Amino acid sequence: MPRILILLCLSLTLQASDFRAKLPAWASIVAVASANEAAPSDADAWVLLDRTEIAYTGNGEIRQRRFRLVQILTDRGRNQATFSLRGLGGKANKVKNLKGWNLRPDGEMVKVDRDDVVTIHDAGSAEFSTETLTGVTLDRVRPGSLIAFESLESIMSPLGPVAQEGILESVPVRRWELEVAKKEGWFTDLKSVQVVMEKHHFSHWIPHVEELPGARLVLSNLPALPRDEGGHPDLQSILPSVRVRFLDPALETARMWGDWDAVAKWAAGNYREKLASAPVPELKAEPGLQGLRTLHSWMGRALTYKQIYLTPERGWVPEVSNEVGRKRYGDCKDLSCFLIAQAALCGVQGHPVLAAISAPKADPASTPFPVFNHVIAALRLPETLGLPAEVETPRGRFLLVDPTDPLTPLGMLNEGHKGRHVLICLDSGAQWAAVPDAAIQPSRLELELVGETAFDGALTATLQIDETGNAWSLRSYAKAMGSKGVQERLSRDLLELPPTGNLVVQHLGDPLDLSKPFRVSVKIDHPQGFRRNGGEHELVGWGIPAPRRLIQKSGVPRRYPVHSNAFGERVLRARLRVPGQVRPLVSERSGESPFAAYAWRAEAAAGAGETVVSFQFDHRWKAADFGFEQREAGVQAWKKDRTQFKDFREEALAFKVLP
Numbered sequence: 001m002p003r004i005l006i007l008l009c010l011s012l013t014l015q016a017s018d019f020r021a022k023l024p025a026w027a028s029i030v031a032v033a034s035a036n037e038a039a040p041s042d043a044d045a046w047v048l049l050d051r052t053e054i055a056y057t058g059n060g061e062i063r064q065r066r067f068r069l070v071q072i073l074t075d076r077g078r079n080q081a082t083f084s085l086r087g088l089g090g091k092a093n094k095v096k097n098l099k100g101w102n103l104r105p106d107g108e109m110v111k112v113d114r115d116d117v118v119t120i121h122d123a124g125s126a127e128f129s130t131e132t133l134t135g136v137t138l139d140r141v142r143p144g145s146l147i148a149f150e151s152l153e154s155i156m157s158p159l160g161p162v163a164q165e166g167i168l169e170s171v172p173v174r175r176w177e178l179e180v181a182k183k184e185g186w187f188t189d190l191k192s193v194q195v196v197m198e199k200h201h202f203s204h205w206i207p208h209v210e211e212l213p214g215a216r217l218v219l220s221n222l223p224a225l226p227r228d229e230g231g232h233p234d235l236q237s238i239l240p241s242v243r244v245r246f247l248d249p250a251l252e253t254a255r256m257w258g259d260w261d262a263v264a265k266w267a268a269g270n271y272r273e274k275l276a277s278a279p280v281p282e283l284k285a286e287p288g289l290q291g292l293r294t295l296h297s298w299m300g301r302a303l304t305y306k307q308i309y310l311t312p313e314r315g316w317v318p319e320v321s322n323e324v325g326r327k328r329y330g331d332c333k334d335l336s337c338f339l340i341a342q343a344a345l346c347g348v349q350g351h352p353v354l355a356a357i358s359a360p361k362a363d364p365a366s367t368p369f370p371v372f373n374h375v376i377a378a379l380r381l382p383e384t385l386g387l388p389a390e391v392e393t394p395r396g397r398f399l400l401v402d403p404t405d406p407l408t409p410l411g412m413l414n415e416g417h418k419g420r421h422v423l424i425c426l427d428s429g430a431q432w433a434a435v436p437d438a439a440i441q442p443s444r445l446e447l448e449l450v451g452e453t454a455f456d457g458a459l460t461a462t463l464q465i466d467e468t469g470n471a472w473s474l475r476s477y478a479k480a481m482g483s484k485g486v487q488e489r490l491s492r493d494l495l496e497l498p499p500t501g502n503l504v505v506q507h508l509g510d511p512l513d514l515s516k517p518f519r520v521s522v523k524i525d526h527p528q529g530f531r532r533n534g535g536e537h538e539l540v541g542w543g544i545p546a547p548r549r550l551i552q553k554s555g556v557p558r559r560y561p562v563h564s565n566a567f568g569e570r571v572l573r574a575r576l577r578v579p580g581q582v583r584p585l586v587s588e589r590s591g592e593s594p595f596a597a598y599a600w601r602a603e604a605a606a607g608a609g610e611t612v613v614s615f616q617f618d619h620r621w622k623a624a625d626f627g628f629e630q631r632e633a634g635v636q637a638w639k640k641d642r643t644q645f646k647d648f649r650e651e652a653l654a655f656k657v658l659p
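Residues in the sequence shown are numbered from 1 upward in steps of one, following the numbering used here.
Hints were generated in silico from the structure; no laboratory data involved. Keep in mind that a hint or two might mislead.
Claimed, not checked - Result set (EDC-like, lysine to aspartate or glutamate): computed pairs, CA atoms no more than 20 Å apart in a straight line:
1. LYS553 x GLU632
2. LYS656 x GLU536
3. LYS182 x GLU198
The structure displayed is predicted, hence computed values, not measured ones.
Using the sequences and the hints given, assemble the complete structure.
Shown next, in the form of structure tokens:
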């Protein structure tokens, strides 16, 4: 009997081996090697191997191969059946090969067919994009399936032979490999090309790294990314990645990534070649500050900013400045080039500035890499103009101007630039500058609410809103869509208005008048804006922010740092006529946490058959950071802030009915 069991087990093992042999050789080896390893608990899928090979072939071309094998564990893990490659399209990215295999648990093999490979053009989030998304989805994937993908790409980035690879995924990874090399051909000599591979943000996620000879990394047993964790910093600034640079002295866009001065000189040259300082007929060039104000105002009204994602033909190279004036639109590169050209007619020399907004911050101490996603301009000043966005540097004084933002006054920058460093690109090299805190236009709301309620809880009121900065984005909605856009923004997103309510815009300021806050006045009807609930009335919370949402499941250890931005400040003043006699539950209260500070004062004046309720609410968001070492303390502080403000809000908006 034992002999029969041994033979049976051997037979099953051989069958399993044969079963996996249907996979391509590289995947079959990995599948057999991992067969006796236990999958991580609670995983929906398990990446058995993710291997990337990046080879530089010369003349700016990178050949990138991917090998991926995934074991599907649950129905939710079937989303791993899709494999995609994102690129710039055109001559920049070509998918040379893309294959897929689905080895089902019953032994059936489902292979990808060429008809199953789909390329989506204009796949970027920008208004104009050449970005492509090439992908394949394997059919009939189920728990127990082993799915494999193999791809080969040719990449000719307009920014040179550089690459960046992320590591962690939504599912755990058994083995992750990266190999970087030079691949010489018959007619290419790459001996002078330097290969640089740098690890970023590894320490808190990947304590052990196996570095093998020949620019190769091997990582094992990587956990899945945290699920359902909110309130964290930009993930690109904290998650591990590997940056690769091929410094080819024969190629300018390759060798420049060895030195920030070279990057700046290259960018400055691109703009210098595109400057054509022909005057615009309806734009009168004036000298000095007045000329700059006139130019800035005219650009805000006459030119349209249209985001254009990096394209293979232009990369970081702008349009000829005259063409921008003729077409009346452009992206950040184009508008900056136009501003520099027109500023020259005002007697002011300008320079392109590389910036990183809504993305990881550019670090002057880091090695060069294309981390920038925005371009603004620096105008050289012989002496100060007294504007907040001026920066004093060893190479002179400059005024930073973002020509893509017509809603921020000249001399200030929007909140996307807060706490950032920018790279001023001069003919002589790179000049880093920190954006001054004082240069950031503050976000502020002043709200005046006047109205009356009825016995059935209906509320009719006029709300006047004065917006500074981008507090509620009303100015930008008004510029883009007029009163209809403002009406939709307020009704849908900001004022908790039910379908049976009504909001009419009575007054709308000029969104391009930057000399004062943007004013909006609306009349609002809310059928239950002061609804009765037992012995109390509950007022709708217009202008009072909602409590923070939960960022962490109870009992689950925190893995991300805790982060919160400062969203500005607001003051709400209200005066309501209420039938009958009521009094506020909270007459005065204040609170402060690492995330916000607020103060509340309310009073009620009794009259003949009615009460006049008045209150004022002041609120200020605060920036807060709890790093990896303090993340659990950050979660507790967040929970406390949420609970305390939730209780305050419910009580402050309640009014007791008096006999």
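Practice problem: Hint by hint, work out which the structure violates, then give me just those numbers in ascending order. | Solution: none
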